[in-house]
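Protein chains: 2
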Amino acid sequence: MIADSMVGLVKNSSVIREMFEEGNRLAKIYGAENVYDFSLGNPNVPAPEEVNKAIKEIVDTEDSVLLHGYMSNSGYEDVRNAIARSLNKRFDTHFNESNIVMTVGAAGGLNTIFKTILNPSDEVITFAPFFGEYRNYVSNYNGKLVVVSPDVTSFRPKFDEFEAKINKKTRAVIINNPNNPTGVVYSEDTIKKIADIMEKKQKELGTEIFLISDEPYRELVYDGVSVPYLTKYYDNTIVGYSYSKSLSLPGERIGYLVIPDEISDAEDMKVAASVATRILGFVNAPSLQQKVVAKCLDAKVNVEAYDKNRKALYEGLTKLGFECVKPEGAFYLWMKSPVENDTEFCNAAKKHNILMVPGSSFGGPGYVRLAYCVSYETIVNSLPHFAELAKEMGL
Amino acid sequence: MIADSMVGLVKNSSVIREMFEEGNRLAKIYGAENVYDFSLGNPNVPAPEEVNKAIKEIVDTEDSVLLHGYMSNSGYEDVRNAIARSLNKRFDTHFNESNIVMTVGAAGGLNTIFKTILNPSDEVITFAPFFGEYRNYVSNYNGKLVVVSPDVTSFRPKFDEFEAKINKKTRAVIINNPNNPTGVVYSEDTIKKIADIMEKKQKELGTEIFLISDEPYRELVYDGVSVPYLTKYYDNTIVGYSYSKSLSLPGERIGYLVIPDEISDAEDMKVAASVATRILGFVNAPSLQQKVVAKCLDAKVNVEAYDKNRKALYEGLTKLGFECVKPEGAFYLWMKSPVENDTEFCNAAKKHNILMVPGSSFGGPGYVRLAYCVSYETIVNSLPHFAELAKEMGL
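So the protein lines, in turn, are chains A and B.
In my numbering, each residue carries its 1-based index in the first sequence increased by 265.
In my numbering, each residue carries its 1-based index in the second sequence increased by 265.
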């Protein structure tokens with residue numbers, strides 16, 4: 266009775282649920298503290314104290330009808346203004362409230378922008394490995410996701426293949442920086458090269474190609490790595506941001522899109538994004554949370570906790586002989602499967618009470634993703650079990 | 266540069282913005298208190314006190330990581346359980362948490378269910394006049410909205426036309442009870458007749474046809490009118506609910522879907538709705554607000570305030586010779602335009618500082634909608650201006 270397009274997704278979702286239930290089953294047998302679940306990107310670091318303080322202050326001081334009521338579909342003007350000013354201060358940009366559309370997290374923002382720009386069978390390019398939901402977000406609007414194969418030495422874009430895949434149908438390129446699932450951060454040089462290729466192809470093809478920068482992990486970077494702000498490198502850039510990780514608010518569904526004035530057809534794009542937010546059923550980003558993030562623009566989650574996890578897991582696993590990409594950002598570690606079939610490897614790990622996600626789910630077969638947004642103890646206690654797994658794998 | 270499907274919507278949106286700007290322009294000239302804006306369905310009655318109290322209590326007592334974190338895409342199990350139990354108590358149903366999917370308002374819920382069930386070119390039937398967004402929600406999934414013409418004496422469904430319009434392509438019927446824009450409430454007899462026709466057609470055609478009950482105005486009813494709970498009359502019913510009006514929380518985007526066990530293919534439907542919530546970019550309903558509504562299941566907005574407005578406006582306008590449908594629910598009054606062209610009538614009203622929405626926007630030409638979720642003073646003070654308008658119209 267469900268739609269044809271949902272049949273495969275429901276089947277796939279039961280695979281994920283099986284994994285989840287397997288975790289629960291293991292926890293029941295061995296105790297939750299003896300199951301090492303690296304499968305979920307759900308932050309374990311709490312929201313900074315400013316968040317709950319802001320919630321209470323706002324509720325105590327703001328007019329209830331305005332606070333919980335409808336506002337412009339793009340969000341409260343004062344909130345958008347505060348965000349624009351904060352971005353300008355940090356990245357030397359020159360946005361104002363008209364450039365900001367508040368969204369239901371980054372997922373809501375990406376759907377809003379794809380609805381805004383995609384005609385049926387338009388192509389959106391991304392680089393493998395990539396966040397698996399991109400496939401759904403693009404197909405929601407009858408677009409086609411085109412994947413550039415992974416460079417398995419650096420996990421940075423293969424530029425030649427990228428350039429070759431841009432054609433008349435290419436409407437957008439989406440990058441995720443810092444990257445889920447690899448933890449790689451694209452440097453300024455990488456961004457410049459991407460921008461150069463896109464500029465060149467726009468001229469050659471006489472089309473406009475949007476660069477969509479999906480940045481929920483922007484604030485989670487380590488070792489002083491910096492994440493370039495993309496609107497400065499390419500005019501047709503749209504930024505999708507979320508507070509899910511930067512303020513540990515994934516359940517609250519709050520983020521924004523930046524639509525710069527430099528973009529082609531900027532006025533219509535802004536209005537269309539606002540209309541898309543409405544007609545997709547978001548209507549507007551949750552009102553209280555809009556006010557909250559505006560009050561917490563300088564608040565930070567405890568990134569050091571993630572960094573401590575990162576080091577312990579990366580060092581522990583490499584010492585055991587596993588081949589890992591050293592994460593520079595986000596809270597994921599990308600590890601080579603010692604056997605060709607990454608699902609087989611995940612199943613072997615499960616027998617040691619270790620849960621990981623096969624890289625195939627991200628268009629990166631032969632690898633696995635470990636989400637280290639878990640307690641430090643989980644990491645420390647998991648290492649002896651990884652040691653057994655390594656031995657079993659002949660490392 | 267925007268998608269073809271968005272071009273018309275952007276143009277239409279500028280008409281609405283023009284109206285909005287006209288309101289602002291008039292307010293600047295004459296003072297906001299001298300502009301009678303009946304155009305927006307934004308509740309002016311504040312949320313009950315329980316809401317802000319619940320927000321603060323939850324923030325003070327719940328674990329931050331769980332409170333602001335991801336949960337199942339369908340929502341917190343305890344919240345869904347509390348809602349199911351509350352429905353069972355009120356309507357003698359027998360739901361449990363598995364029947365409830367928390368959604369980003371009713372708009373999010375309707376999009377979720379259309380994504381779940383619609384194949385391209387499937388038809389969804391509704392009764393004019395209807396909430397204009399249905400057209401967008403259905404076309405988001407490449408479906409086709411089929412409209413049953415209005416019965417302009419009762420504004421209740423024309424059953425013969427309804428039956429004639431059901432065919433092999435009919436996937437769903439959506440009703441809005443109490444109705445926006447007419448304020449009409451369908452009685453049990455009307456619901457039974459709709460259900461009978463649908464049962465008959467299901468058998469005749471050998472298809473499953475879903476009845477979607479869009480009920481954001483369920484709690485706003487007057488004169489003791491009761492709103493039938495549809496799952497009791499027809500097995501293939503899905504209910505879409507929202508707290509936007511019942512708790513005056515439209516900006517917070519919180520509501521739910523009910524998918525009963527009696528529905529065809531219930532297990533797959535529940536999973537598919539949960540997956541649809543995820544892939545459409547909602548991911549889950551805002552987490553804090555889920556907890557809030559679970560704590561406020563017995564709270565009520567001040568319906569008496571709307572009722573006072575309803576009486577004053579209905580009596581005032583009918584006394585002046587305007588022909589109005591007496592509202593039984595919601596906070597809208599549906600009035601016949603004294604001239605054939607409803608847009609022309611709205612333009613004439615604007616000259617008297619009165620803002621209304623042409624019925625054409627709801628598939629009901631020749632009528633206008635007045636949203637009386639405004640202050641009582643606005644209504645009282647508007648009446649002398651309506652009197653001038655009536656005179657001008659020759660009433």
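What the hints contain is simulated information worked out from the structure, not anything from laboratory work.
Where hints are given, some of them may not hold.
As the list claims (entries may be wrong) - From chain B, some residues computed to sit far from chain A (all C-beta separations above 10 angstroms): (1) A268; (2) D325; (3) Y335; (4) T381; (5) A393; (6) E473; (7) Y494; (8) E517; (9) E588.
Claimed, not checked - Pairs of lysine to any residue residues, derived as SDA-like cross-links and limited to a Cα-Cα distance of at most 25 angstroms, are as follows: (10) B:K276 x A:S337; (11) A:K573 x A:E315; (12) B:K576 x B:K656; (13) A:K560 x B:D328; (14) A:K318 x B:K560; (15) B:K615 x B:E298; (16) A:K466 x B:D530; (17) B:K565 x B:E642; (18) B:K433 x A:D269; (19) B:K616 x B:Y295; (20) B:K434 x A:G273; (21) A:K565 x A:R355; (22) A:K318 x B:N361; (23) A:K601 x A:P649; (24) A:K458 x A:Y498; (25) A:K560 x B:K616; (26) A:K409 x A:S529; (27) A:K601 x A:S640; (28) B:K423 x B:D269; (29) B:K433 x A:M266; (30) A:K409 x B:D269; (31) A:K276 x B:K656.
Stated by the list, open to error - Stretch-level coverage of chain B by chain A, calculated; a stretch enters the list once three of its residues show a Cβ under 8 angstroms from a Cβ in chain A: (32) 288–302; (33) 399–407; (34) 420–432.
We put the CB at the ideal spot given by N, CA and C, even for glycine.
Now for the hints, and whether the structure bears them out:
Look at B:A268: its CB is around 5 angstroms from the nearest CB on chain A, not clear of 10 angstroms, so calling it non-interface is violated. Residue placement check: B:D325 does not keep its beta carbon more than 10 angstroms from all beta carbons of chain A (closest about 8 angstroms). A beta-carbon of chain A is positioned within 10 angstroms of the beta-carbon of B:Y335; the least distance is around 5 angstroms. The beta carbon of B:T381 sits about 6 angstroms from the closest Cβ of chain A, which is not more than 10 angstroms, so the claim that it is off the interface is violated.
Distance to chain A confirms B:A393 as a non-interface residue, since its nearest Cβ pair spans about 19 angstroms, more than 10 angstroms. For B:E473, the shortest C-beta to C-beta distance to chain A comes to about 6 angstroms, within the 10 angstroms cut-off, and the non-interface label is violated. The Cβ of B:Y494 sits about 22 angstroms from the closest Cβ of chain A, beyond the 10 angstroms cut-off, so the non-interface label holds. With a least beta-carbon separation of about 5 angstroms from chain A, B:E517 fails to lie farther than 10 angstroms from that chain, contradicting its non-interface assignment.
Separation of B:E588 from chain A is adequate, the least Cβ-Cβ distance of about 30 angstroms exceeding the 10 angstroms criterion. Distance restraint check for B:K276 and A:S337: the Cα-Cα separation of roughly 17 angstroms lies within the 25 angstroms cut-off, and the hinted pair is therefore satisfied. Taken as a hint, the A:K573 and A:E315 pair is honoured in the structure, with Cα atoms around 23 angstroms apart against an allowance of 25 angstroms. Simply put, B:K576 and B:K656 have alpha-carbon atoms about 22 angstroms apart, close enough for the 25 angstroms limit, and the pair holds.
A threshold of 25 angstroms between alpha carbons decides the hint, and for A:K560 with B:D328 the separation of about 21 angstroms falls inside it, so the pair holds. The suggested pairing of A:K318 with B:K560 holds, with an alpha-carbon distance near 21 angstroms, which does not exceed 25 angstroms. Of the supplied pair hints, the one linking B:K615 and B:E298 holds, its CA atoms being roughly 15 angstroms apart against a limit of 25 angstroms. The hinted pair formed by A:K466 and B:D530 fails the criterion: a straight-line CA distance of about 48 angstroms is larger than 25 angstroms.
The suggested pairing of B:K565 with B:E642 holds, with an alpha-carbon distance near 23 angstroms, which does not exceed 25 angstroms. Note on B:K433 and A:D269: the hinted pairing holds, with a Cα-Cα distance of about 16 angstroms set against a maximum of 25 angstroms. Only pairs whose Cα atoms come within 25 angstroms are accepted, and B:K616 paired with B:Y295 is accepted, the gap being roughly 12 angstroms. The straight-line distance between the Cα atoms of B:K434 and A:G273 is roughly 22 angstroms, inside the 25 angstroms bound, and the hint therefore holds.
Under the criterion of a C-alpha separation no larger than 25 angstroms, the hint pairing A:K565 with A:R355 is consistent with the structure, at around 14 angstroms. Taken as a hint, the A:K318 and B:N361 pair is broken in the structure, with Cα atoms around 35 angstroms apart against an allowance of 25 angstroms. Taking the CA atoms of A:K601 and A:P649, the gap is about 19 angstroms. The hint holds against a cut of 25 angstroms. Of the pairs offered as hints, the one joining A:K458 and A:Y498 holds, with about 10 angstroms between alpha carbons and a cut-off of 25 angstroms not exceeded.
Taken as a hint, the A:K560 and B:K616 pair is broken in the structure, with Cα atoms around 41 angstroms apart against an allowance of 25 angstroms. Only pairs whose Cα atoms come within 25 angstroms are accepted, and A:K409 paired with A:S529 is accepted, the gap being roughly 22 angstroms. The straight-line distance between the Cα atoms of A:K601 and A:S640 is roughly 23 angstroms, inside the 25 angstroms bound, and the hint therefore holds. With a CA separation close to 35 angstroms, the supplied pair B:K423 and B:D269 exceeds the 25 angstroms bound.
This hinted pair checks out: B:K433 and A:M266 have alpha carbons roughly 14 angstroms apart, not beyond 25 angstroms. Taking the CA atoms of A:K409 and B:D269, the gap is near 17 angstroms; set against the 25 angstroms cutoff, the hint holds. A C-alpha spacing of about 65 angstroms is found between A:K276 and B:K656, which places the hinted pair above 25 angstroms, so the restraint is violated. A count of 0 residues in the stretch 288–302 of chain B with a Cβ less than 8 angstroms from any Cβ of chain A is obtained; the coverage claim is therefore unmet, three being the minimum.
A count of 5 residues in the stretch 399–407 of chain B with a Cβ less than 8 angstroms from any Cβ of chain A is obtained; the coverage claim is therefore met, three being the minimum. Residue count for the stretch 420–432 of chain B with a Cβ under 8 angstroms from a Cβ of chain A: 0. That is fewer than the three needed, and the coverage hint is violated.
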